[in-house]
Amino acid sequence: MKLIIAIIQPHRLDDVLQELDKKEVYLKTVTNVLGCGRQKGVTEVYRGVKEAGTLLKKVRLEIAVNDAYVKPTVDAIVKGARTGNIGDGKIFVLPLEDCIRIRSGETGKVAIG
Amino acid sequence: MQSPINSGDTAWVLVSTALVLLMTAPGLALFYGGLVRRKNVLSTMMQSFFILCLISIQWVLWGYSVAFGPDVGHLVGNLSWLGLNGVGLTPNPDYAPTIPHQLYMLFQMMFAVITPALITGSYAERIKFSTFVVFTLAWATLVYDPIAHWVWSKDGWLHNLGALDFAGGTVVHMSSGISALVVALIIGRRTGFPRITPAPHNMTYTLLGAALLWFGWFGFNAGSALQANELAVSAFVNTNTATAAAAIGWVVIDWFVTKRPTVLGAATGAVAGLVAITPASGYVSPISAIFIGLLVACVCYMAVAVVKQKLAYDDSLDAFGVHGVGGTVGALATGLFAQKIINRGGADGLFFGNPHQFVVNAIATGATIVYAVVVTFIIAKVLDLTMGLRVKEQDEAIGLDNTQHKESAYTLID
Chain A
1 MKLIIAIIQP HRLDDVLQEL DKKEVYLKTV TNVLGCGRQK GVTEVYRGVK EAGTLLKKVR
61 LEIAVNDAYV KPTVDAIVKG ARTGNIGDGK IFVLPLEDCI RIRSGETGKV AIG
Chain B
1 MQSPINSGDT AWVLVSTALV LLMTAPGLAL FYGGLVRRKN VLSTMMQSFF ILCLISIQWV
61 LWGYSVAFGP DVGHLVGNLS WLGLNGVGLT PNPDYAPTIP HQLYMLFQMM FAVITPALIT
121 GSYAERIKFS TFVVFTLAWA TLVYDPIAHW VWSKDGWLHN LGALDFAGGT VVHMSSGISA
181 LVVALIIGRR TGFPRITPAP HNMTYTLLGA ALLWFGWFGF NAGSALQANE LAVSAFVNTN
241 TATAAAAIGW VVIDWFVTKR PTVLGAATGA VAGLVAITPA SGYVSPISAI FIGLLVACVC
301 YMAVAVVKQK LAYDDSLDAF GVHGVGGTVG ALATGLFAQK IINRGGADGL FFGNPHQFVV
361 NAIATGATIV YAVVVTFIIA KVLDLTMGLR VKEQDEAIGL DNTQHKESAY TLID
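Line by line, the protein sequences are chains A and B.
Residue 13 in my numbering sits at position 13 of the first sequence, and the numbers go up by one each step.
Residue 38 in my numbering sits at position 38 of the second sequence, and the numbers go up by one each step.
Be careful, since some hints might not be right.
To be verified - Distance condition first, Cα-Cα at most 25 Å in a straight line; then the derived SDA-like pairs of lysine to any residue:
hint	chain 1	residue 1	chain 2	residue 2
1	A	K79	B	K154
2	B	K392	A	K22
3	B	K406	A	G35
4	B	K308	B	T262
5	B	K154	B	A367
6	B	K406	A	N32
7	B	K392	A	L55
8	A	K22	A	T83
9	B	K406	A	D88
Calculated from the structure, these hints are not laboratory results.
Quick caveat: nothing in here was measured; it's all calculated off a predicted structure.
Looking at chain B on its own, in the form it has when it is part of the complex (with noise of 0.2 Å):
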């Protein structure tokens, strides 16, 4: 009997996995470590790699039992999958026919990594790092499981109620936005802030960090098609097309408003642009992934540029203002420009003729956004009273990875 294991498609979505843990470490570890102060780098690039050990972890014993086990009320799944029982090598026809069902759960590893990593951008150089690790693992279990069974499950809610999210627009983007947001607002203002903002210490590595993660993302986005197939292949067209076209839509705005264009905007472009496209890349033109470029740049600029000035919260990497916002931009788009020629399991978006899908997606934007701010809530206060979110201001001011780690990331001499 033929097995239903495909070689390219298993190929391909070994590849993807790989490509999408490249994102954290070191794609997002760079991006974030650059934009920090030298003597808190450590602690910054720490984070996203320490996420990606624990949640290596979280997910083989309950993580993915949560996100994608057998369903429970649409809202989790339950945990027979405990410890990866029942996950074996056989495809799962639910979620990936051609590949092995323990590849398609490291696939789905890799997205609940980066997205808790995501977060670090709002409590940069501040958060201790005992309490980091206890919010992570809280926040992956309580937040991300539910909301990716939600979207990604078979019987989950928002997937059953016609939700297009091809690659985590909502689930990681939104999810990690926003939850970003409220972390800031409850761990406070870095010291000094507003008045006194610190330049990103290394510009290079934040570059570097950028393009590892436009590399990466093709994983992400082009992965997510789950075969080496045409559907494949327009993910991977559109990721490429909107962010470039992000990236310009940034730099031409900081031309006019700056009067030099930016490293720094080019490369916030187009991280801007890959989150942007990552919900409506496997369902639009690449015409409309231009569209989608050159707005969320639009959007994201001002979010970061203007509210955050105007409102003065320190979202220091701006999680909130690229992804958070990025990530909402995204998936409204996909229910304004999907299109059901690109894609028969997808359906037509607003502007060709289908209303109801940006309803649709209005709604799991809603739902995600509601949810993930609530119980972000509740876990960062119940930590913040208990194990204190913040190290003392002291420690602050020495720096992270001296006091958080003892140890030191650049010599002065020798």
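Looking at chain A on its own, in the form it has when it is part of the complex (with noise of 0.2 Å):
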């Protein structure tokens, strides 16, 4: 069981939730979170006083998955988020221990689905 985190730009979110469809992965969490990578922001303006280095908008996407998923999934993600510009996003992919399934209890491989 993986679980899988990606940092999208967040205007590609309705094409990554269209091919993760086409992989039928439609268990996911989605989130407004601030970010940036290497070029460590965008400048603002405010009656002439530049705010230097502020966060980005992104959207973060939360699956949980098992192992036969994880390709599939990431290909999907990627697929629908890449654009080619700097700040396409990243996805980090970490081991799971556990999944239950609150309303019947269920755990492990079988909750996750």
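Taking the hints as your guide, dock the two standalone chains into a single complex.
Following this line, the structure appears as structure tokens:
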């Protein structure tokens, strides 16, 4: 079992979700986050005062998958999120110790999908 | 010698002028702002706000002269009133005999402000700010000012024909609505549309904006009586009645079609009602106003929910669907429901034994549409080929607030 965390551009979310649906990955959590990469953010200007290094809006997806679904999920995210420009984001694959379905109490691989 | 200036009339038109300004900012700014994505809300609001600034100056410098100045061939005014030359504080007896001329000018200015602001709904979320500024000034001068002259100047050809347009169904709503459609088609759909159709980011703004529009519209319609008298009251009553009827009508249709009454439907229905009653407000009875409200709710609902979906053009905030279509319904309805007993300065409509009025209003409708389409097409095409109407795709994705203004509307943390 793995937990996939992806940080993507907000405007690519709809495409990523459509690609995940095509691969039958339906369970996901999405949050608004701020972040920056090597460019250290953008500048904004308020009444002539520049504010440098502001964090940028990103979107974070968290998807728990069984091992067989790791590659299809990662591929779907890359396909939906890649624009070729700086700021496309990153995907992290973490080992997942356990997964419990709250409603039924199921655990492990059965609870993931 | 007694001054012709009536303090009651002057006070009322002063207030109406402020009410109509409120319709643009913050009324329309909120109404449109709530409908776009968060990343574009500032740019959308800025468009309304900045048009108020631009036209405030354009009108004073040359706009008022072209629209209302001494007539040239029944098509435009000449430039003898450039910079308000000759427009003083004594009344102009042709337009408003009991209020200072500059007040009439200022009142009309607010109409000239909101009309291009309505068009912003069709090119929301993708227009370049610089091109937007040039487009607005060009459109105001070449489309709005002449059409206003045709309908409201004392020698304009549609005025001479007898077209009845109390507060601007043709001049404001049809012209902006059909021009909005032209620009929407030239600038193209937003990226991903219609596969990706964004939801309004803040419906509370939209509802509040609709309420402010309703409030301000009393100045728009009842103020157009230009006197604090029975006609103003008649227009006020009709405005409120038609709007309420249209909102209820839209909610009921929504309830049937989507099984739920929607807040957006109520807000949109109300605005459609306000649009449709605009040309009719000083000529019809309150019961007719109810019919007009119900009628426009049906027609605009179809335009927005059925026709637009089928044809898939991206008139993002329904400037054409509500103002263009609604204005047309209102102008034609005026030709049907007008009654001379309501307003002796008007005429009877088709339903009251005078089919000629319907024909005249139809001609006014047709002429406005054709002229607005042709000139807007030329302006938009020329600007697209020279300055470019649309931002780069990458900028559209990042959002206009950030790319056009280097600002963001909301912080996420602190």
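Exercise. Return the numbers of the hints above that this structure violates; sort them in rising order.
Key: 1 and 2
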